[in-house]
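Engineer: What follows is the residue order along each chain.
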Amino acid sequence: KQEVTQIPAALSVPEGENLVLNCSFTDSAIYNLQWFRQDPGKGLTSLLLIQSSQREQTSGRLNASLDKSSGRSTLYIAASQPGDSATYLCAVKASGTYKYIFGTGTRLKVLA
Amino acid sequence: NAGVTQTPKFQVLKTGQSMTLQCAQDMNHNSMYWYRQDPGMGLRLIYYSASEGTTDKGEVPNGYNVSRLNKREFSLRLESAAPSQTSVYFCASSGGGGPISNQPQHFGDGTRLSIL
Chain A
1 KQEVTQIPAA LSVPEGENLV LNCSFTDSAI YNLQWFRQDP GKGLTSLLLI
51 QSSQREQTSG RLNASLDKSS GRSTLYIAAS QPGDSATYLC AVKASGTYKY
101 IFGTGTRLKV LA
Chain H
1 NAGVTQTPKF QVLKTGQSMT LQCAQDMNHN SMYWYRQDPG MGLRLIYYSA
51 SEGTTDKGEV PNGYNVSRLN KREFSLRLES AAPSQTSVYF CASSGGGGPI
101 SNQPQHFGDG TRLSIL
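So the sequence lines, in the order shown, correspond to chains A and H.
For the first sequence, position 48 (counting from the first letter as 1) is numbered 48 according to this note's numbering, and the numbering increases by one without interruption.
For the second sequence, position 62 (counting from the first letter as 1) is numbered 62 according to this note's numbering, and the numbering increases by one without interruption.
Mixed in with the good hints there might be a few duds.
Derived contacts from chain H toward chain A, CB cut-off under 8 Å, selection only [what the hints assert, rightly or not]:
1. 31
2. 58
3. 61
4. 90
5. 102
6. 105
Facing chain A, a subset of chain H residues (Cβ under 7 Å, in silico) [stated by the list, open to error]:
7. 24
8. 27
9. 42
10. 48
11. 50
12. 53
It is worth saying that the hints were derived from the structure and are not from the lab.
Where a beta carbon is used, it is the ideal one built from N, C-alpha and C, also for glycine.
One chain only, chain A, in its complex shape (with noise of 0.2 Å):
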């Protein structure tokens, strides 16, 4: 059974400090991964999406990267502001399904 793991679940860093979020799963045979951005009270957002045969993808100020082989993700966050201040997430999906499983997310606060 796939399951994706988080780690660490909050994180304070101050603003402007370049910071790496993580992103384990069990099972390396994956058909993508998404990174999400969920602010208070919201919904999510989608980042980044990696297909499995990608290695990393970018927008702006955020690079993620895939390495299916070992089962991580992780998600670059470069010269970080307060606005970056969310819960980020990362799901999975299973190769031949239409499901995603969802890790339980990072919470990062960035301080002015």
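Fit chain H to the known structure of chain A by using the hints.
Structural biologist: The following block gives chain H in isolation, referenced to the frame of chain A:
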């Protein structure tokens, strides 16, 4: 640009009452999903619909029913609400062609449901 719209945003029910959560998307997506989000447990899939006219169980379907009314709308019904169903419910949709789709999921803002 409405995206995925969920109604209601908040609801309080008594144990045993029934209600239907509504979800509509305007992106012409084939696939739609219902999740529940509980503290410390992440999002768990309740039901999904790969296309109009089809529905399938997810990880935690017990106590729920769904209807894919048309391509736009996917409703979730609680027939006899229980306190264990207190949660935040999210509807999502995605485009593309099923299991081989690499289209991202788009989420609504959720329905906060409390069952007393």
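Engineer: For every hint, state whether the structure bears it out.
Structural biologist: To see whether the hints hold, each was checked on the structure:
1. 31: 6 Å, holds
2. 58: Hint on residue 58 (chain H): holds, closest Cβ of chain A at ~7 Å, below 8 Å.
3. 61: 12 Å, violated
4. 90: Holds: closest Cβ of chain A sits about 6 Å from residue 90 (chain H), inside 8 Å.
5. 102: Since chain A brings a Cβ to about 5 Å from residue 102 (chain H), closer than 8 Å, the hint holds.
6. 105: 6 Å, holds
7. 24: Constraint on residue 24 (chain H) not satisfied, violated at 14 Å.
8. 27: With a closest approach of 12 Å, the residue 27 (chain H) hint is violated.
9. 42: Holds, about 4 Å.
10. 48: Residue 48 (chain H) check passes; min Cβ-Cβ to chain A is 6 Å, inside 7 Å.
11. 50: 5 Å, holds
12. 53: Violated, about 15 Å.
Checked against the numbered hints above, the structure violates hints 3, 7, 8, 12; every other hint is satisfied.
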